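Position chain B against the provided structure of chain A, taking the given hints into account.
Read top to bottom, the protein sequences are chains A and B.
Under our numbering, the first residue of the first sequence is numbered 1, with each subsequent residue one higher.
Under our numbering, the first residue of the second sequence is numbered 1, with each subsequent residue one higher.
Just so you know, these hints were derived from the structure itself, not from any lab.
Bear in mind that the values here come from a model prediction, so they are computed numbers and not experimental data.
Hints are all accurate, no fakes.
Since copy identity is lost for identical chains, a pair holds within one copy or between any two.
Straight-line alpha carbon distances no greater than 30 Å define the calculated DSS-like cross-link-like pairs of lysine-lysine that follow:
| hint | residue 1 | residue 2 |
| --- | --- | --- |
| 1 | K134 | K172 |
| 2 | K369 | K400 |
| 3 | K97 | K376 |
| 4 | K80 | K376 |
| 5 | K97 | K50 |
| 6 | K369 | K50 |
There are 2 protein chains.
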Amino acid sequence: MSILIKKAKIITQNKKREQYQADIFIDSDRIAEISKNSISVEADYKLSGKDKLVLPGLINTHTHVPMTLLRGYGDDMVLKNWLEERIWPIESKFNSKSIEIGTKLAMLEMISTGTTSYIDMYFFEDAIGEVTQKIGMRGFLGFAFIDNGTPEYSYEELIPNCDKFVRRWKNKDLIKPVIAPHGTYTCGPETLQKSLEIAIKNDIFMHIHCSETREEVYNVQRQYGLRPINQLKKYGLLNDKMVLAHCSWITKNEILDIKKGNSKISHNPVSNMKIATGGYTPVPELIDSKVTVGLGTDGAASNNCLDMFETMKFCALIHKQHRWDPVILPAQTVFDFSTIGGSKCVGMENYIGSIEEGKIADIIMLDLKNPHFIPKFNLISHLVYTTKGSDVCTSIVNGKPLMINGEFLTLNYDDTLEEAENCAYELIS
Amino acid sequence: MSILIKKAKIITQNKKREQYQADIFIDSDRIAEISKNSISVEADYKLSGKDKLVLPGLINTHTHVPMTLLRGYGDDMVLKNWLEERIWPIESKFNSKSIEIGTKLAMLEMISTGTTSYIDMYFFEDAIGEVTQKIGMRGFLGFAFIDNGTPEYSYEELIPNCDKFVRRWKNKDLIKPVIAPHGTYTCGPETLQKSLEIAIKNDIFMHIHCSETREEVYNVQRQYGLRPINQLKKYGLLNDKMVLAHCSWITKNEILDIKKGNSKISHNPVSNMKIATGGYTPVPELIDSKVTVGLGTDGAASNNCLDMFETMKFCALIHKQHRWDPVILPAQTVFDFSTIGGSKCVGMENYIGSIEEGKIADIIMLDLKNPHFIPKFNLISHLVYTTKGSDVCTSIVNGKPLMINGEFLTLNYDDTLEEAENCAYELIS
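The shape of chain A in the complex, shown without the other chains (with noise of 0.2 Å):
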């Protein structure tokens, strides 16, 4: 499969931040050549760039992408009753199939709103890699692990059956096996430890929630004495391959910890903001300790959608108030977060997140033609104040396209939609 690419604006984040009009050739899985001149050569698809903008795919470095089908059911509540009343007693109903339409339909909102890659925490995951890979996403799957087992899984079974999960995905192209202890507040000692075990022996990555809530904090100290960073330091899961969702109520003293562990942040600013943690990642410190940092949008039950040029606006704005300073989190600074931010936290920065002649094709384009981007004085201000999702019309990742000009390549937009809705009837009926 070959793209090319005409005359197109690009954003490269490149170590530069070089942004210029150039052709992009795309061979196989990967940006073959970038070229001010004119590239003549066939190809299987050729798009024109005019009145586009062609930026790297967003990573989307935290969701539960089955959780789609529990979007708006149950907003405006109380953590605890949301969790006991609402979502909960439906999880326990999913099963391969329904997990199935969630995350076609999430895909669905991904591809369309310019994600190209995510990292997923949630239970059957077997199921989400087949209908990830099948629709040519790229997923870091994790697989979740908590002490009273998972809807899919028994406690007793959680081990074997990741070693299988591990097994199968560990050699694929677009899906990367990921070990998920669900937080320190729902995994002990000895599933943090099991689970670090698998991790090391496939030497893959980790995934956790982490310090999300003041009440998590508390528990976590009062049942452990240590409080949620300094419990996975002791077992060693902070580590340079544990990407931990969250952090709003760290301290000083955790971030070096995580910085001398090198394990990476992703920030989910809008659910946070809706579930009311009250807590504010603290992202400059973060970026002062030089600690990777990449964004989320969680799940859709929380957020209520998976857009991710929603969050980057969010992003810029909660730091900026919170820390009186219009200064702090500049737009090129919170796009990085969701570019190279992203491909840093999955350990594939030589890879994904930036145009550069080598690296793998995930890119989306962005159609200009739109008043909210007029005037183009500064088209990395656009990406993060006022680019919606809306605006990209074309993604292509692994090199493959997904979407051209708004029309779904590997996915039925109108029986994906139909069939959604009705299996989320069903759930909560």
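The following block gives chain B in isolation, referenced to the frame of chain A:
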């Protein structure tokens, strides 16, 4: 002109907040009939409600429409530098022609994202009125007073020209003149009194920036011995025809004064956060005190877009996060702000803000065939937490269609974008 909308799911925003499927017949400027039975009548436009959602047009209670031309021209800057180095030098170059062009761009953006009415504050408001009327939007146009004069008029010219402006626009259908002293830090007592006189004489609304930043509150207190709200109260401007923009730094006592005067509040969360004012409009307390609250985007230079759906999400989330309470500002309350609340801000609650027989037909339609609307458990929740301006497909103002299924009827899309882009670059050159 007549319009028939068939089998539409309607969010009425009537007193009972009913939602149901019905036909809607619009005759001239009015909603002539809403019926759960099929309406059979000839109409100039017949629109299918299939997969659509019909709701009242949104009311943007604070903006500066021509500032679309300054979108992205200086972001991530300290307020003072931003104003002195970027905004004011360009504003001094504005003339009727550039104002017209910027207004057209804003109309295109507002129509396409669901706004049908807006309150403005700027200079060259005659030009804004002409464009708005020609395009068919509903504008409450604030003629700005500033002690130093505006780029259009010297201080001495303001009163006579404001008189002319009011006479010119007073009895129009779509345009209502508004008197807009810029703020208590830019307008001394004399200016406040003179502007009030014109408002009283003509029985029209007033609009002012009030208690947006701490610096403003501090400076007004130091200069006049009173905080902005009390300064307005002293000179009689805290009355029932006053719309106060921002009020991010007000006290509980000031809320009582606002309520006593029955003044209205325009809350602009996105702009406040982007400029990093640090303050939080005390929306929960305003609700408790039964003060009317509307939502605004502010100008595109400090937002940077005019999407009221985005503003609703920011409104709901910023207060949840700030108060550590996911229950405050539920979706229905926030949606009320941008419809009913907005209509009360401009004294038109008997005419716009809801879909009811006899009311003026300011109506928008959303396309529900989008992954972020699935499943459709709670449409009000979706309106605040997942809807994007881009979901708006049809916009009707005063019974006239301005956009039908994405096609603009009173504006040329391509020309408007091109003209605005050229004009903006000329201004900064």
